[in-house]
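Single-letter residue listing:
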Amino acid sequence: NAGVTQTPKFRVLKTGQSMTLLCAQDMNHEYMYWYRQDPGMGLRLIHYSVGEGTTAKGEVPDGYNVSRLKKQNFLLGLESAAPSQTSVYFCASGGSQETQYFGPGTRLLVL
Amino acid sequence: AQSVTQPDIHITVSEGASLELRCNYSYGATPYLFWYVQSPGQGLQLLLKYFSGDTLVQGIKGFEAEFKRSQSSFNLRKPSVHWSDAAEYFCVLFNYGGSQGNLIFGKGTKLSVKP
Numbered sequence: 002n003a004g005v006t007q008t009p010k011f012r013v014l015k016t017g018q019s020m021t022l023l024c025a026q027d028m029n030h031e032y033m034y035w036y037r038q039d040p041g042m043g044l045r046l047i048h049y050s051v052g053e054g055t056t057a058k059g060e061v062p063d064g065y066n067v068s069r070l071k072k073q074n075f076l077l078g079l080e081s082a083a084p085s086q087t088s089v090y091f092c093a094s095g096g097s098q099e100t101q102y103f104g105p106g107t108r109l110l111v112l
Numbered sequence: 134a135q136s137v138t139q140p141d142i143h144i145t146v147s148e149g150a151s152l153e154l155r156c157n158y159s160y161g162a163t164p165y166l167f168w169y170v171q172s173p174g175q176g177l178q179l180l181l182k183y184f185s186g187d188t189l190v191q192g193i194k195g196f197e198a199e200f201k202r203s204q205s206s207f208n209l210r211k212p213s214v215h216w217s218d219a220a221e222y223f224c225v226l227f228n229y230g231g232s233q234g235n236l237i238f239g240k241g242t243k244l245s246v247k248p
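Going down the list, the sequences are from chains A and B.
Its first residue numbered 2, the first sequence is counted upward by one per residue in this note's numbering.
Its first residue numbered 134, the second sequence is counted upward by one per residue in this note's numbering.
Keep in mind that the hints were calculated from the coordinates and are not lab data.
Check before you lean on any hint, since a few could be wrong.
Claimed, not checked - The list that follows gives simulated cross-link-like pairs (lysine to aspartate or glutamate, EDC-like), each with its CA atoms no further than 16 angstroms apart:
hint, chain 1, residue 1, chain 2, residue 2
1, B, Lys201, B, Asp218
2, B, Lys240, A, Asp39
3, B, Lys182, B, Asp141
4, B, Lys182, A, Glu99
5, B, Lys201, B, Asp187
6, A, Lys71, A, Glu53
7, B, Lys243, B, Asp218
8, B, Lys243, B, Glu221
9, B, Lys243, A, Asp39
Stated by the list, open to error - Here are a few chain A residues that sit away from chain B, every Cβ distance over 12 angstroms (derived from the structure):
hint, residue
10, Tyr65
11, Ser85
12, Leu110
All C-beta atoms, glycine included, are put in the ideal place defined by N, C-alpha and C.
Sequences are here, hints too, so could you generate the full structure?
Right, here's the structure in full:
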């Protein structure tokens, strides 16, 4: 039982490049979330999903897209990376909305 | 507006000393509250949660928190700190009244432990 896993752990992009971050959970959770963490800001919600095939915008969705084609996976895409998207990205999942379990994070540097 | 405030950005305590991390919230109804811990370079681990009932909640690693409605507070405590407790601690509010049903994070308190 791995819980919530994230791929990759670290990535460096050039401005304008695209990439996809993968989140996988093996707890059969309905709810999945993507957050970004910036120094002194806590975590901010980017997008979330309340079930397979559904997605919704969070607090800071601009520049990101998501997909939830399978219940266990939640993908976060950056179509054209910008330096402002340099951050640590956390995925979380939960069997209910309130209690969320977090992955180890992906560090992204956009040059 | 819903919000969480952690007044202390950084706290240093000696190993074996007691610890209290402060958290204040603003919410129009009975809040769902959490404390998460983030060790350096790691993800967030749930320490404890309060939904209702007993206002003193016990968590993992010897932590406890007390919900005080009159003070809009949910402070985290530990009677004796260990060096491995050095980490960043986040107080979190679940905004179940909003359309997003999302977690609202405080900005965190970084705990350093002196030997």
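Hint check results:
1. B:Lys201 - B:Asp218: Between B:Lys201 and B:Asp218 the Cα gap is close to 24 angstroms, so the pair fails against 16 angstroms, i.e. violated.
2. B:Lys240 - A:Asp39: Holds, at roughly 10 angstroms.
3. B:Lys182 - B:Asp141: With Cα atoms ~20 angstroms apart, B:Lys182 and B:Asp141 exceed 16 angstroms; violated.
4. B:Lys182 - A:Glu99: Judged against 16 angstroms, a Cα distance of about 10 angstroms means the pair holds.
5. B:Lys201 - B:Asp187: The hint holds at about 11 angstroms.
6. A:Lys71 - A:Glu53: The hint holds at about 6 angstroms.
7. B:Lys243 - B:Asp218: Judged against 16 angstroms, a Cα distance of about 10 angstroms means the pair holds.
8. B:Lys243 - B:Glu221: OK: B:Lys243 and B:Glu221 at ~4 angstroms, within 16 angstroms.
9. B:Lys243 - A:Asp39: Distance ~14 angstroms between B:Lys243 and A:Asp39 Cα, so the pair holds.
10. Tyr65: holds, 15 angstroms
11. Ser85: Given a closest Cβ separation of 19 angstroms, the condition holds.
12. Leu110: holds, 15 angstroms
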